[in-house]
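Could you put the whole structure together from the sequences, leaning on the hints where they help?
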Amino acid sequence: MTATKNGILDSKVPEGDLKDKWDNHKKNLRLVNPANKRKFTVLVVGTGLAGASAAASLAELGYNVKVFCIQDSARRAHSIAAQGGINAAKNYPNDGDSIWRLFHDTIKGGDYRSREANVYRLAQVSNNIIDQCVAQGVPFAREYGGLLDNRSFGGAQVSRTFYARGQTGQQLLLGAYSALMRQVHTGKVEMLARREMLDLVKIDGKARGIVVRNLTTGEIERYAGDAVLLCTGGYGNVYYLSTNAKNSNASAIWRCYKRGAQFANPSFTQIHPTCIPVSGKYQSKLTLMSESLRNDGRVWVSKTKNDKRHPTEIPEEERDYFLERRYPSFGNLVPRDVASRNAKYVCDEGRGVGKTGLAVYLDFRDAINNYGADTIKGKYGNLFAMYEKITGENPYEVPMRIFPAVHFTMGGLWVDYNLSSTIPGLYVLGEANFADHGGNRLGASALMQGLADGYYVIPNTLGDYLAENLHAEKIDTNHIAFDEVEKEATDRIHKLLNVKGRKTVLDFHRELGDIMWDNVGMSRNKKDLQKAITAISELREEYWKDVNIPGESATYNKYLEYALRIADYMELGELMARDALDREESCGGHFREEFQTEDGEAVRDDENFSNVTSWEFQGDDKEPLKNVEPIEFEFVTPTQRSYK
Amino acid sequence: MSDQIMTIHLKIWKQNDPGSSGKLVDYTMDDVNPDMSFLEMLDWLNERLMNEGKEPIEFDHDCREGICGSCNLVLNGMAHGPEPGTAVCQLHMRKYKDGDTIVVEPWRAKAFPIIKDLVVDRYAFDRIMAAGGYVSVNTGAPADANALPVNKYDADLAFDYAACIGCGACVAACPNSSASLFTGAKVSQLAHLPQGTPERKRRVVKMVDKMAEEGFGDCSNYAECEAVCPAEISITAIAEMRREYAKALSEIV
Ligand SMILES: Cc1cc2nc3c(=O)[nH]c(=O)nc-3n(C[C@H](O)[C@H](O)[C@H](O)COP(=O)(O)OP(=O)(O)OC[C@H]3O[C@@H](n4cnc5c(N)ncnc54)[C@H](O)[C@@H]3O)c2cc1C
Ligand code: SF4
Ligand code: FES
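These protein sequences, in sequence, are chains A and B.
The first sequence runs 52 to 695 under the numbering used here.
The second sequence runs 5 to 257 under the numbering used here.
In case anyone wonders, no lab produced these hints; they're calculated from the structure.
Where hints are given, some of them may not hold.
What the hints assert, rightly or not - Derived pair list, reagent style EDC-like, types lysine to aspartate or glutamate, alpha-carbon separation capped at 20 Å: (1) K354/A - D399/A; (2) K332/A - D160/B; (3) K58/B - D597/A; (4) K578/A - D597/A; (5) K430/A - D222/B; (6) K18/B - E524/A; (7) K551/A - D160/B; (8) K551/A - E59/B; (9) K257/A - E524/A; (10) K551/A - E51/B; (11) K58/B - D558/A; (12) K554/A - E603/A; (13) K99/B - D597/A.
What the hints assert, rightly or not - Cβ-to-Cβ under 10 Å is the rule here; a few derived chain B residues that face chain A: (14) T11; (15) H13; (16) K15; (17) W48; (18) N50; (19) E59; (20) G73; (21) E87; (22) H96; (23) Y100; (24) D125; (25) Y127; (26) F129; (27) R131.
As the list claims (entries may be wrong) - Label-pair distances were calculated between CB atoms; the ranges are: (28) K251/B - D68/A: 47 to 57 Å; (29) P117/B - G651/A: 57 to 67 Å; (30) E194/A - D102/B: 44 to 54 Å; (31) N420/A - P88/B: 27 to 37 Å; (32) T690/A - P117/B: 54 to 64 Å; (33) E194/A - D30/B: 32 to 42 Å; (34) N142/B - G67/A: 44 to 54 Å; (35) P117/B - Y396/A: 52 to 62 Å.
Every residue, glycine too, gets a C-beta built ideally from N, C-alpha and C.
Here it is, written out as structure tokens:
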């Protein structure tokens with residue numbers, strides 16, 4: 052039963068040829084007959100693409116499902132905000148795409164730190180996802196002939212991205228949400244909105260329930276089930292500012308980590324190069340601008356430090372088009388991590404632009420001169436309008452200002468091939484798990500993964516676990532284990548509320564965000580990471596002595612919700628720094644300054660770090676235990692990335 | 005980017021819980037940066053209130069990008085404020101002048117009870133969706149996505165309707181508190197797609213009947229909904245829904 056033996060994790064990847072593994076595995080999984088499915092209750096936490104698709108599919112199979120989300124409706128989960136699109140290996144444009152190629156691009160894009168078998172399965176089911184979504188009435192973009200349209204996206208030489216204007220996430224989520232609402236109507240799904248999971252209840256080592264806070268009334272509620280699915284999204288908000296929605300958080304996965312679920316590659320974070328920069332201290336979140344803008348925009352800063360001239364007054368010869376200069380063959384189209392890091396470097400040198408000096412220009416002057424303003428408007432009109440709405444500046448006349456922002460977390464709870472965490476009965480889907488993206492996620496692959504996990508993987512793999520537990524004792528919420536967990540949760544809430552200190556929750560979150568961004572951000576080194584570990588632990592101590600949370604627990608209280616999440620970030624941030632310190636190589640989104648070539652390119656260390664680092668909680672005052680899962684390549688050969 | 009700091013007077017709805025009566029409370033902000041979003045100004049005010057040991061104002065929000073449909077403020081009587089086609093989370097303070105007064109209230113409708121301050125309960129929308137806002141297809145192996153071509157005109161129109169963010173501004177702006185624009189948008193999206201055809205009649209009847217049952221009023225063509233809709237859903241959605249409904253009733257019975 053245990054996933055770890057002598058510090059080595061067993062991924063349970065089935066035997067056989069890559070392309071047969073999933074089919075063979077499905078044949079070998081145990082089934083639960085329809086009459087028995089009715090006897091099981093599955094708790095699904097989260098209603099983004101992963102959660103909504105899983106909950107609907109499991110209910111369709113006949114399981115009883117209870118679904119939880121923070122927002123007032125399942126439809127508002129953070130997935131709704133995804134813009135660009137979703138990948139699939141349909142090869143409709145006949146440009147040479149295949150399951151193999153999608154698999155290979157994803158493995159390579161992830162800088163060879165993901166499991167071959169998982170990624171291959173992802174590419175295999177990608178085509179079913181598109182079929183399923185179209186059948187639900189998802190209005191993907193179409194061509195005049197009535198067939199589906201595709202576009203190209205970063206990291207691929209084929210057009211395999213399906214999209215619905217700039218609102219692909221919205222349309223996919225509404226598809227999954229309607230499937231979910233249909234099951235609510237049949238009575239197979241009970242929808243519990245405005246609920247936040249506070250902790251996991253384990254009985255005999257297995258996940259058997261959760262304790263949640265009803266966000267409307269503040270009451271603590273208990274729910275028992277035969278399995279728990281965490282579909283709670285990513286933890287980018289640990290950096291305070293990110294492109295994530297305000298309610299995105301790490302608490303569910305973090306609480307489960309503290310109950311024994313291992314946390315894999317926590318430091319793997321994706322920083323997106325083209326976001327609208329911070330304008331002041333009041334800034335509450337960052338807005339992503341599609342990276343397609345780099346097809347026509349040229350990135351530059353002044354050659355001189357602290358150049359306060361208006362951009363249009365800086366003559367051509369005094370501009371430094373630093374990406375074109377450093378990467379003559381890829382130019383402005385280098386991958387996300389490379390573009391982000393270089394923007395940071397020029398700003399560190401004091402050549403950043405705008406009021407804060409934390410931005411670079413993305414200039415469309417030449418594109419407008421070459422192709423005309425109308426062509427550029429046709430391509431990017433909605434993005435230009437959004438930019439103007441937020442900044443009040445007209446990008447047809449003044450270059451855009453952009454800066455990198457935290458966007459996605461590749462790390463997450465460790466799961467095996469079946470999406471099971473190291474706690475039996477606790478499954479993790481979507482961005483919350485670490486599984487498919489390795490060191491770096493390619494554009495349009497997160498939506499694919501969330502829906503693959505929910506529509507196609509879990510409906511198969513969960514049955515195997517439940518079949519094994521058919522005769523397990525039914526638990527109700529009066530079990531003493533619920534009493535204990537609920538007491539811990541309420542004690543924690545009261546302890547926080549009673550601090551009555553001087554600093555607001557946001558003060559602390561901003562401070563933590565600064566530590567994380569400066570030391571565990573785009574570019575990391577040993578000294579700064581060690582410094583961050585100390586700084587975070589000091590801040591955490593101060594938090595529990597000096598935070599000021601208004602109101603009480605038995606009402607709607609948004610700042611109390613934040614306070615609980617930030618308490619968890621204070622611990623997770625430290626683990627991220629530890630993980631980044633431990634990984635002595637540069638790979639994907641993780642760039643260690645000590646491991647680079649003379650001209651500043653990342654150096655991977657396949658000999659020592661071709662593995663997943665998975666951390667196991669040992670107690671609040673103890674260092675976590677490090678486990679590894681070796682990543683072996685049977686079917687592809689790792690190569691070093693180069694964009695020169 | 006502007007450096008001019010403004011003073012803004014706010015009158016904000018405060019209400020303890022669903023049962024109690026609320027009132028407008030005055031706040032003055034003398035350090036409003038024009039680059040702040042409206043919600044960032046509220047964050048800023050809340051930080052000040054907490055530092056003064058006072059209760060912050062509760063309001064709903066999540067994506068702050070105009071897509072999740074969480075934010076729900078009525079500013080000086082306008083749902084989502086003065087900027088057309090924009091959710092209030094995308095509204096920036098540079099739209100206001102130094103010294104302006106803004107009255108801030110939540111959606112008001114019988115079907116959307118207030119939970120606290122500016123936060124309301126919109127579960128009724130979910131229940132309308134559950135009544136029929138879907139294509140009844142289980143997860144499995146449906147036909148290839150390109151097996152059924154959809155003409156681009158209908159596909160684009162379906163998208164226009166599908167863009168609804170489910171915020172409820174249409175209800176808040178409607179003198180009758182009708183949810184017709186919201187419901188019509190879903191009905192019309194699916195009516196324009198072949199996938200929606202098999203359940204077309206059943207769907208419209210179930211959703212429209214549910215809407216009435218939830219306490220939303222009838223539509224009398226004020227068109228206030230279209231004016232405030234952040235997703236710019238056209239009022240033709242309502243006309244389509246009515247046509248579908250009448251047709252369905254005449255054919256079903
Ligand atoms: C601006 C932006 C654009 C993007 N664009 C793309 C794109 O074009 N293509 C692409 O592939 N990817 C894109 N991504 C990434 C992608 O959107 C996400 O990775 C993905 O949607 C995550 O889905 P999820 O289902 O795992 O979680 P989420 O959608 O984040 O859902 C999390 C759910 O969990 C709930 N939850 C969380 N914690 C708790 C708790 N404690 N208790 C109860 N409920 C809880 C929330 O309420 C929510 O329902 C984008 C991301 C961003 C930020
Ligand atoms: S129709 Fe418009 S106003 Fe009404 S819920 Fe949808 S997006 Fe909001
Ligand atoms: S906060 Fe998401 S639409 Fe306004």
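The hints, checked one at a time:
no.: 1; hint: K354/A - D399/A; result: holds, 13 Å
no.: 2; hint: K332/A - D160/B; result: violated, 41 Å
no.: 3; hint: K58/B - D597/A; result: holds, 17 Å
no.: 4; hint: K578/A - D597/A; result: violated, 28 Å
no.: 5; hint: K430/A - D222/B; result: violated, 41 Å
no.: 6; hint: K18/B - E524/A; result: violated, 49 Å
no.: 7; hint: K551/A - D160/B; result: violated, 54 Å
no.: 8; hint: K551/A - E59/B; result: holds, 13 Å
no.: 9; hint: K257/A - E524/A; result: holds, 12 Å
no.: 10; hint: K551/A - E51/B; result: holds, 15 Å
no.: 11; hint: K58/B - D558/A; result: holds, 17 Å
no.: 12; hint: K554/A - E603/A; result: holds, 17 Å
no.: 13; hint: K99/B - D597/A; result: violated, 37 Å
no.: 14; hint: T11; result: violated, 16 Å
no.: 15; hint: H13; result: violated, 18 Å
no.: 16; hint: K15; result: violated, 21 Å
no.: 17; hint: W48; result: holds, 5 Å
no.: 18; hint: N50; result: holds, 8 Å
no.: 19; hint: E59; result: holds, 6 Å
no.: 20; hint: G73; result: holds, 6 Å
no.: 21; hint: E87; result: holds, 8 Å
no.: 22; hint: H96; result: holds, 7 Å
no.: 23; hint: Y100; result: violated, 13 Å
no.: 24; hint: D125; result: holds, 7 Å
no.: 25; hint: Y127; result: holds, 7 Å
no.: 26; hint: F129; result: holds, 7 Å
no.: 27; hint: R131; result: holds, 8 Å
no.: 28; hint: K251/B - D68/A: 47 to 57 Å; result: holds, 55 Å
no.: 29; hint: P117/B - G651/A: 57 to 67 Å; result: holds, 58 Å
no.: 30; hint: E194/A - D102/B: 44 to 54 Å; result: holds, 51 Å
no.: 31; hint: N420/A - P88/B: 27 to 37 Å; result: holds, 32 Å
no.: 32; hint: T690/A - P117/B: 54 to 64 Å; result: holds, 60 Å
no.: 33; hint: E194/A - D30/B: 32 to 42 Å; result: violated, 56 Å
no.: 34; hint: N142/B - G67/A: 44 to 54 Å; result: violated, 29 Å
no.: 35; hint: P117/B - Y396/A: 52 to 62 Å; result: holds, 53 Å
In terms of the numbered hints stated before, the structure departs from hints 2, 4, 5, 6, 7, 13, 14, 15, 16, 23, 33 and 34, listed from lowest to highest.
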